[in-house]
Amino acid sequence: MNQKEVLKSAGVAETFLAGLDDKFIEEAIRGTERGDDGKVIAFAKQEKTAKKKFMARLLKIAACVAAVLVVGFTSLSVATATGSLKAYEFLYKLNPYLAEKMVPVEKSSVDQGIEMRIAGICVEGDVVDAYVTLRDLEGDRIDGTTDLFDSYSIETNCDQWGGCSLVDYDEETRTATFLLKMGLYDQQLGGKKMTFRVRRFLSGKQEMETLLPQIDLKAMPMEEAEALPSGELKTRLGSSRSDMVHSSDDELVPRCLVPNEAQKFKIADGANVTAYGIVDGKLHVQVYYEDVRGRDDHGDVHLINSDGEWIIREAATRLWDKDRIGWYEEYVFGVPLQELDQYEVGGYFSLGAKRYEGDWKISFPFTNVESMEVK
Amino acid sequence: MEDQLIVDLFFERSEKAISELANKYGRRCKALSVKILGSEEDAEECVNDAYLAAWNNIPPERPTFLGAYVARITRNLSLSKMRADLAQKRKSEYDVCLEELEEVLRSKENVEDAILSGELKGAINHFLEKQEKTDRIIFVNRYWFCKNANEIANEIGQSTNYVNVRLHRLKERLQKYLKAEELIG
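Protein chains in written order, with my numbering: chain A, 952 to 1326; chain B, 13 to 197.
Rather than coming from a laboratory, the hints here were simulated on the basis of the structure. Just so you know, not all the hints are guaranteed correct.
[To be verified] 25 angstroms max Cα-Cα, derived BS3-like pairs, lysine-lysine:
#1 A:LYS1132 to B:LYS191
#2 A:LYS1312 to B:LYS145
#3 B:LYS36 to A:LYS1144
#4 B:LYS36 to A:LYS974
#5 B:LYS142 to A:LYS1132
#6 A:LYS1132 to B:LYS183
#7 B:LYS145 to A:LYS1132
#8 B:LYS36 to A:LYS1132
#9 A:LYS1215 to A:LYS1169
#10 A:LYS1058 to B:LYS36
[To be verified] Derived CB-CB ranges, DEER-like:
#11 A:THR1124 to B:GLU184: 32 to 40 angstroms
#12 A:VAL1286 to B:LYS133: 22 to 30 angstroms
#13 A:GLU1122 to B:GLU27: 39 to 47 angstroms
#14 B:ASP20 to A:ARG1244: 42 to 50 angstroms
#15 B:SER171 to A:GLY1232: 43 to 51 angstroms
Quick reminder that beta carbons are idealized off the backbone N, C-alpha and C, glycines included.
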């Protein structure tokens, strides 16, 4: 295969690799770093914990065996044999690879007519994956935009990391499924109890990708627009402080547009473009999100070229409004000004969610699956 | 020096930022670039360009993972240069590892749709989330940093066979995962 053919066929592999998250690159860098003693840090630590991990696996297996005896299910194969086919099908549909390792868990917590259920968990070493579902027993408050909005907590009696993201929404059963991932720092899960708790969620978001034709770049005045350092602007807007995407130091962020009533227009309920123009030789677009704190209104603005490709902003700054409920977000683009007329302005927005409060809580110990305690 | 202190130096516009960045990540970036370009001289140039790009972009950017940040710039610059030098026929380690990955991704159907819809781009992270840390480190070092099994084995203090076996199993799992997700046929 010659170089050209390699490149042609490499398109798929390159695309695949291009999406790699920085955290994995960083992990790979750290994973091969050597300490002062010349040993690879990550693997030296692994050597030390290998024995502990082996013991933890034994404990896990023992727990699984106990669960099979007492409750009648633990592994999916056992679950299938004993009639938990529905749970198996559900997990398999979500992720066939992970489902093979999942232990179905049919425990739930109900509050405000909303049921939270842990459908299955998978414990591998010191990492736990759990599928958590939310279903509305009384109405249609759960939808494909349901978001736990950082209101969930993973409580354990040891140091841990974790995250939770929406992985599926079933229209038919109106069930939103989240994948919860949790790990412990150099500790074993055996004997630990985990409590997953949710206190609020958002639903009914309007998510849209839209053009913003009101910003006509072909007619964009090339003279500098009225702008101020963000430190001065926040005084005018009455904000108590500013929050910057890229810097906490006002001196180091781009100057911001002064909101311009003449340019203001509504994108949708929850967001307005409040100004746009040239600042320090670059195109700026300013959007005001009305309720960031309560509804998680958010979005992003990009340019679109004649091939339909998105040109991502090179910087953004944020400035809380005076009530610290909404904020002004300003997007800065680095395309040459003489080429601006070749672009359109577009954006992605997630606005107007409804917020629901409650208290949903499920606890379970890892060494004793059959005795899960539910609120 | 801690990454965030180096980033602070960039914000202070101190030239020491570049030397600290080079001290900490220069060797790794150059090795990555050499894998792609197959030339020490070209790699040196790309790494210097990467430092300049970091200097121009920080601020306003404040990377959370400085090592990954500069490695990504280096990789992209090296790939651009490689594409520009198509006349150069020599097959680099980058080509070899892409071919290897291509075998896993080869498909008569679906894959183009997956590319178009952007699904394939996110699949790598979803797949890696499910892997053990050791496997993730090996996978990223092989396919993103283009290191061969022997180098990875030396770096992690394991045998080459250990790395090869892990890579083989990883590729099998990746293929299984992509099929299950209907990203390849």
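Self-check item: Hints violated by the structure (listed by number, smallest first)
Solution: 2, 3, 8, 10, 13, 14 and 15
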